[in-house]
Every structure is written in structure tokens, then in C-alpha cells.
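Q: With the hints as extra help, turn the sequences into a complete structure.
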Amino acid sequence: MTARTHQYGPGTSIIAINRRKQMDPGHKLTVMRSITDEDIVLLLGHRAPGASFKTMHPPLSEQQEPDCPMRFLVKPTEGAKHGDRVRYVQFADSMFNAPCQPYQRTYAEMYRFRAIDPGTLSGRQIVECRERDLEQYCRLLIETEMFDPALVSLRGATVHGHSLRLSEDGMQFDALQRCVLGKDGMVRYVKDQIGLPLNRQVEVGKPLDQKWLREHSTIFHCLVGTALRDDAEYVEYLQRIHTLRTRYGFMPKEA
Amino acid sequence: MQETVTYPQCRIVPMRLLSPDTTKRLLEKIVRVPAIRRILLNGQNIPLTVPYGPARGTENKTNLRKTIEIAGNTVDLHVLVGTITLEIEDKTVIEQIRAICDDFFVDFPCSVQEGRFMKSQPSLVDYAKYGPQADPSVIGLVDPKRKEKPSFIHPLGDRVCGGCEL
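One line per chain: the protein sequences are R and G, in this order. Quick note on numbering: the first sequence equals residues 1 to 255 in the numbering used here. Quick note on numbering: the second sequence equals residues 1 to 166 in the numbering used here.
Just so you know, the hints here were simulated from the structure itself, not pulled from any lab data. Where hints are given, some of them may not hold.
Facing chain G, from chain R, some residues (calculated, C-beta under 7 Å) [as the list claims (entries may be wrong)]: (1) 157; (2) 166; (3) 167; (4) 168; (5) 173; (6) 175; (7) 196.
Heads up, simulated DSS-like pairs for lysine-lysine below, C-alpha to C-alpha not over 27 Å straight-line [stated by the list, open to error]: (8) R:206 / G:61; (9) G:119 / G:29; (10) R:54 / R:81; (11) G:24 / R:183; (12) R:183 / G:66.
Even for Gly, the Cβ is constructed at its ideal location relative to N, Cα and C.
A: Rendered as C-alpha cells:
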């Protein structure tokens, strides 16, 4: 019996390949920038830097757990062990070749992270989990190729902007202007994800160039990137799903 | 029924959203073109306070919302400008506008479209706000539900500007 090969998604285009790379937990994503723990805490805005994690229940080690076989099978995450609160991070990804997009984010996170509760919308994606785990996950989401300082931004609320034209300086529109592009080419957050001003600016690196973005995007876009119709395998897959759903609803059994 | 005269219109659509400073520089050039009757700036609203979430109600510190000065007249810009619609007296002016835009936009493209883009007759909300004798020149310029009024700009600077009484 041969080893099972994971199938993360269809397609032969660069977009499809990038999607599979992000979804595959065995694939190591390229680290593009580094960000400190304190910076992540500042961006999220859930606790003050250096403050202890607030808890919603005592640590599991201090509790008497019920005799449940699932509790032996599923090991708790660090956040669950300590009884951390559930907190969130939300990203908005521009349609102009951002390296990630809401559905892709959810797929990638479900494959790579544990104990998360993602919420997927057309222009934004929110993920909830224990606070300690969230900060770890945020590091991967910001430091790697899933993030671009100009086209992806952390937005807890007032997220509008993913489908709009970019601003003159190439930044995604943000009514609260949480991050600004400096004259030195660096993008700095001046507000946390919900729009409260930060005591100090948080640097998230330089925007990536158009060529890199086209090669690493996970969004089909016929005007500025790769068109969906150029990927025959992807279109075939979508048509098949559409046909089966239309004919058989949620029980796609072919006659 | 009151007979209305239809004037030609054109719309400037740049590839990027324009910052207040760029909008000011572009409008400085456009308002000097004769035979422009009305100018409508459309774009994304920049709120004064944070509208949603835990920070709701706190001041929105930003440099995207500014008061700009155009030909000596002040205009409160509430939006990051995406399109500029012009109502003109003569269709030949469109070529002048197009030439200005071609010279102005060098970093990204811009298109100048012809058509009808402004509201052509009062809506029910306009009727409720302004009544049956509404001034046709203000219809379609501002959202009737807003308190702000349209600005009068006169390139020669010899007319009162900065809002009108409705």
C-alpha cells in the first residue's frame, strides 16, 4: 500500500501552486520579515505588553477533568492548558495580488494551526483562539510570505478596503489609516487593529514589489494578475462542483 | 412640469485613490477651465471618529481628511477621492480636461469618460429635504441627509464661497 498523498487543491497555475504551498503544513513558508513579541501584542491590542494573560478558567492541571477518552486523545494547546481567554485577529487582503485571501487563509490556518475558530467573509477573515496561541499564530501570519505590509492589514473593525483601488502610494485603503508608508519605504502601524493609537510605531517592513506579488499571489485577477480562465484544471474542478451541487444538493452522488 | 436643460458631463477616473494634496493640485488646474458648471467629488468616506468596534467614538487621527484650498476657496474634503465628475456647458471642454489629466497623471493611468453621472432629477429624499422648489444646481451634489453644503468655487476669487444657504 502506497503512502497517502495529500491533495490540497486543484489547478496548474501559479496561483493554485501558491495556494497548495500555504495549505501544506509540511511546506516551510519563507520568512520575509521579523517582528518582536511586544510588537505583536501592540498590534493585537488585547493586553498591555508585559501584562499577564487573563484567564477564563483555572489551568487544566488544577482542575479535575471528567473521564473522557477524547481528552486523552486530543492534547490541549498551551493557551487551553493555562485557561487563557479567547481573543481574535482579523486580516483584510486587497484583491490587487495580495499574497493571501480570506478563504485561503481559513484553509491554510485549519491545516497549520490547532484549536482555532475562523470566520470567513468576502473581504476579511477573523480567527479566534486562546490568547497565547493567537500570538504565536500571528507571528507566522505576519512574518511569512502570507503577509504584505501594503496589501494585507490587521483590521479588527472598520475593514472596508479590500476591493477598492489602492491609494496613490500603493497601500490598501483604510479609513482609519492604521498603517502608514514612511518616506524611507517602511510601513509602520500607528494604531492597533481596532484603531486605537499606539504609544510607539510598529514597523512591519517594506511593501513587496509587483513582480514578487504576481508570483506569490493566491488570488485570481484577470486584470492585474493570473486569470482564473487560464487555469483549465481549476475551471473544470469548479464546474464539476457546481454541477454536482446543482443536481444533488449537498449529497453529490452521481447517478 | 419644469423643463430642465441637460448639460454634458464627464468623469475623471484615476487608477489610484487620490490623496487630498493630489486632489488639490488637480482641481487647481481643472477649475481654471472655463465652462465648468459643477464638480462632484466621489470617494471613500474618512470618518471623524472610529465608527465600529471597541474603539467606537474615539477620534480618528488621520491625514487623509483635510481642508484644502482651491483657487483661494476652502473645501472640506471628507473623502479619499476616487472619481471627479464634471458638468460642463460645452462638450469641447472634455478634450481640455483630458489633456490636463494626461499631463497630470504620470505615475498611474487615468481615464476620462463621457456620459451622465450626476442625479438628473430630485429623488424623494431630495423632495423631503428641499421641497418642490429645489435649486436644480444642488441636486446630486451632496447627500440630502448630510448637514454639509456644497462649496462654491470661483477661480477668479471675486465671489463669496464656502457653502450656500439651502
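Q: A separate judgement is required for each hint: does it hold in the structure or not?
A: The hints, checked one at a time:
Satisfaction of the interface hint for residue 157 of chain R is found here, the shortest Cβ-Cβ separation to chain G being roughly 3 Å, below the 7 Å cut-off. Checking residue 166 of chain R against chain G by beta carbon gives a least distance of about 6 Å; that is within 7 Å, so the hint holds. With 7 Å as the threshold, the beta carbon of residue 167 of chain R comes within range of chain G, its nearest partner Cβ sitting at about 5 Å, so the hint holds. For residue 168 of chain R, the suggested interface contact is upheld, since its CB lies about 5 Å from the closest CB of chain G, less than 7 Å.
Evaluation of the residue 173 of chain R hint against chain G yields a held restraint, the C-beta minimum of about 6 Å falling below 7 Å. With its C-beta approaching chain G no nearer than about 6 Å, residue 175 of chain R sits inside the 7 Å limit, and its interface hint holds. Taking 7 Å as the C-beta cut-off, the interface hint given for residue 196 of chain R holds, the closest approach to chain G being about 5 Å. A threshold of 27 Å between alpha carbons decides the hint, and for residue 206 of chain R with residue 61 of chain G the separation of about 23 Å falls inside it, so the pair holds.
Taking the CA atoms of residue 119 of chain G and residue 29 of chain G, the gap is near 25 Å; set against the 27 Å cutoff, the hint holds. This hinted pair checks out: residue 54 of chain R and residue 81 of chain R have alpha carbons roughly 13 Å apart, not beyond 27 Å. Simply put, residue 24 of chain G and residue 183 of chain R have alpha-carbon atoms about 21 Å apart, close enough for the 27 Å limit, and the pair holds. Of the pairs offered as hints, the one joining residue 183 of chain R and residue 66 of chain G holds, with about 20 Å between alpha carbons and a cut-off of 27 Å not exceeded.
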